[in-house]
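Peer 1: For the record, the sequence lines run as chains S and Z.
The first sequence begins at 87 in the numbering used here and counts up one residue at a time.
The second sequence begins at 30 in the numbering used here and counts up one residue at a time.
No lab work stands behind these hints, which were simulated from the structure alone.
The structure presented is a predicted model; accordingly, all values stated were derived computationally and were not measured.
Among the hints, erroneous ones may be present.
Claimed, not checked - Computed list of lysine-lysine pairs in DSS-like fashion (alpha-carbon distance at most 25 Å, straight line):
hint : chain 1 : residue 1 : chain 2 : residue 2
1    : S       : Lys184    : Z       : Lys119
2    : Z       : Lys68     : Z       : Lys180
3    : S       : Lys93     : S       : Lys184
4    : Z       : Lys180    : Z       : Lys119
5    : Z       : Lys180    : S       : Lys184
6    : S       : Lys184    : Z       : Lys57
7    : S       : Lys184    : Z       : Lys68
8    : Z       : Lys68     : Z       : Lys159
9    : S       : Lys184    : Z       : Lys55
10   : Z       : Lys68     : Z       : Lys119
11   : Z       : Lys68     : Z       : Lys57
12   : Z       : Lys211    : Z       : Lys112
As the list claims (entries may be wrong) - One side of the interface only, derived from the structure: several residues of chain S facing chain Z at Cβ under 8 Å:
hint : residue
13   : Lys93
14   : Phe95
15   : Val161
16   : Thr168
What the hints assert, rightly or not - Derived Cβ-Cβ restraints for the label pairs, each shown as a range:
hint : chain 1 : residue 1 : chain 2 : residue 2 : range
17   : Z       : Ile98     : S       : Leu252    : 46 to 52 Å
18   : S       : Ala204    : Z       : Gly191    : 47 to 53 Å
19   : Z       : Gly183    : S       : Gly200    : 56 to 62 Å
20   : Z       : Leu40     : S       : Leu252    : 45 to 51 Å
21   : S       : Glu180    : Z       : Ala53     : 24 to 30 Å
22   : S       : Met282    : Z       : Pro60     : 44 to 50 Å
Backbone N, C-alpha and C define an ideal beta-carbon position, used for all residues, glycine too.
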Amino acid sequence: MAQSLVKEFTKGLWAEIPLFRLVLGLCPALAVTKTCENGIGMGVATTFVLLFSNILVSMLRNIIPTKVRIACYIVIIATFVTIVEFMMQAYMYELFLKLGIFIPLIVVNCVVLGRAEAFAGKNTVLPSAADGLGMGIGFTLALASLGAVRELIGAGTLTVWGGTPLFTIGHGYIPFQFMVEAPGAFIGLGLMLCLMNLIGQK
Amino acid sequence: MREMLSMIVVLTILTAVSGGLLAAVKVKTEPQIEEQVLKFQKAPAIEAIFADATNNPIQERFNVKAEGIELQVFPTTLADGVKAVAFEAKGTGFGGPIGLMMGVNLDTDEIIAVRVTTHAETPGIGTRAKEDLSFVGQFAGMSMASNFGIKNQGGNIDAMSGATVTSIGVSQAAVAAQDLYKKLKPEIVKQMN
């Protein structure tokens, strides 16, 4: 039992990592990874939603009629996202301002609905919780790494938490601003996917 | 038939419970959110306008009501004994509403300073209204009875070059503030004394 739970949890961290393997949740990923910090913030919010929506969907899976299941999943997901939004506004206002419109967009993040439909709707509560947590943490790691790459190359700094950079490359470095803009997001993602495939090949 | 009934019942109960839960969370977090908005949006503007305040305008804030309008007012007594108030008014900018915090001298009815609080303007263009103090600096010292329109609309305010819509938005907010002040000044003075 514990063995399979661990398996459900760890698959989201590497083998089926949402951004680079499942290739889901690209829209917020591209938009919020201008800095590593924003990526981590978005990842944590999404993890919270994933965990609780997976648990609730799994608990209600025998009650929700098949024909209206998507509508029900969306209601559940939207409720948790709105709770996250209120909590952020009340306790983490600066992050709330930076993530802006992308917090409500977690509702339509394909990772969340995808895991609800593909896993939580057909499995018991504990494995669903493990799956949600694993996928969420994997998503956060993916966002953090993409954000770190884009921020380091595009701005010369690395901000992990609290607003002040952990690390700045220094005066000699002229930032490659392209990387923090929209085209750089696509190219950065493409390069990371390339890297993942290369490592996965071996 | 039974299937349809179960679909209706489940969806109804689910949405009702979700709605109730969200209403509860909203009520519970409302005071905290108001505090955050005050701390991050309004406080910096008030501190910039009343740089030599002898009190804490934010802690001493109060609401005034008149003619169906309710307004949150931040009173202060400045270092030279001048009694003043700050309050926020809104105008419509390029990307959404623009909030303008205005500090007014209660004795002379003159503007002390204005600062932009919230906005959704284009970075580098409209955002200059908040970052570049030479635009909002125009308002300092003007009487509350002046025409706050843009110069090419017959008023006294120079628009920012390349950011006309944002400038008009700020001007609209100033006109709205003018109207609020006219309607609520008697109440404000009454509550401050």
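Peer 1: Take the hints in turn and mark each one as holding or not.
Peer 2: Status of the hints after comparison with the structure:
As the CA atoms of lysine 184(S) and lysine 119(Z) are separated by approximately 22 Å, the hinted pair is consistent with the 25 Å bound. For the hint linking lysine 68(Z) to lysine 180(Z), the alpha-carbon distance of about 34 Å lies beyond 25 Å, and the restraint is violated. At roughly 35 Å between alpha-carbon atoms, lysine 93(S) and lysine 184(S) are farther apart than 25 Å, so this suggested pair is violated. Restraint check for lysine 180(Z) and lysine 119(Z): satisfied, since their Cα atoms lie roughly 20 Å apart, inside the 25 Å limit.
Our distance criterion of 25 Å between C-alpha atoms is broken by lysine 180(Z) and lysine 184(S), whose separation comes to about 35 Å. This hinted pair checks out: lysine 184(S) and lysine 57(Z) have alpha carbons roughly 23 Å apart, not beyond 25 Å. For a cut-off of 25 Å, the pair hint linking lysine 184(S) to lysine 68(Z) stands: about 16 Å separates their Cα positions. Pair hint lysine 68(Z) plus lysine 159(Z) holds up; C-alpha atoms about 17 Å apart against a cutoff of 25 Å.
Of the pairs offered as hints, the one joining lysine 184(S) and lysine 55(Z) holds, with about 21 Å between alpha carbons and a cut-off of 25 Å not exceeded. Of the pairs offered as hints, the one joining lysine 68(Z) and lysine 119(Z) holds, with about 18 Å between alpha carbons and a cut-off of 25 Å not exceeded. Between the alpha carbons of lysine 68(Z) and lysine 57(Z) the distance comes to roughly 19 Å, so the proposed pair stays at or under 25 Å and holds. Annotation: proposed proximity of lysine 211(Z) to lysine 112(Z) holds, straight-line Cα distance about 17 Å (limit 25 Å).
Taking 8 Å as the C-beta contact cut-off toward chain Z, the hint placing lysine 93(S) at the interface is violated, the least distance being around 31 Å. This hint is violated: phenylalanine 95(S) has a C-beta 27 Å from the nearest C-beta of chain Z, more than the 8 Å allowed. Of the supplied interface hints, the one on valine 161(S) holds, with its beta-carbon coming within about 5 Å of a beta-carbon of chain Z, less than 8 Å. At its closest, the beta carbon of threonine 168(S) sits 5 Å from a beta carbon of chain Z; the interface hint therefore holds under the 8 Å criterion.
Between isoleucine 98(Z) and leucine 252(S), the C-beta spacing of about 48 Å keeps the proposed range 46 to 52 Å intact. Here the CB-CB span from alanine 204(S) to glycine 191(Z) is close to 50 Å, well matched to the stated 47 to 53 Å. Checked against the hint of 56 to 62 Å, the C-beta distance between glycine 183(Z) and glycine 200(S) comes to roughly 58 Å, which is consistent with it. Roughly 47 Å separates the CB atoms of leucine 40(Z) and leucine 252(S), a value that falls within the hinted 45 to 51 Å.
Evaluation of the 24 to 30 Å hint for glutamate 180(S) and alanine 53(Z) yields a pass: the beta carbon distance comes to about 26 Å. With their beta carbons about 46 Å apart, methionine 282(S) and proline 60(Z) fall inside the hinted range of 44 to 50 Å.
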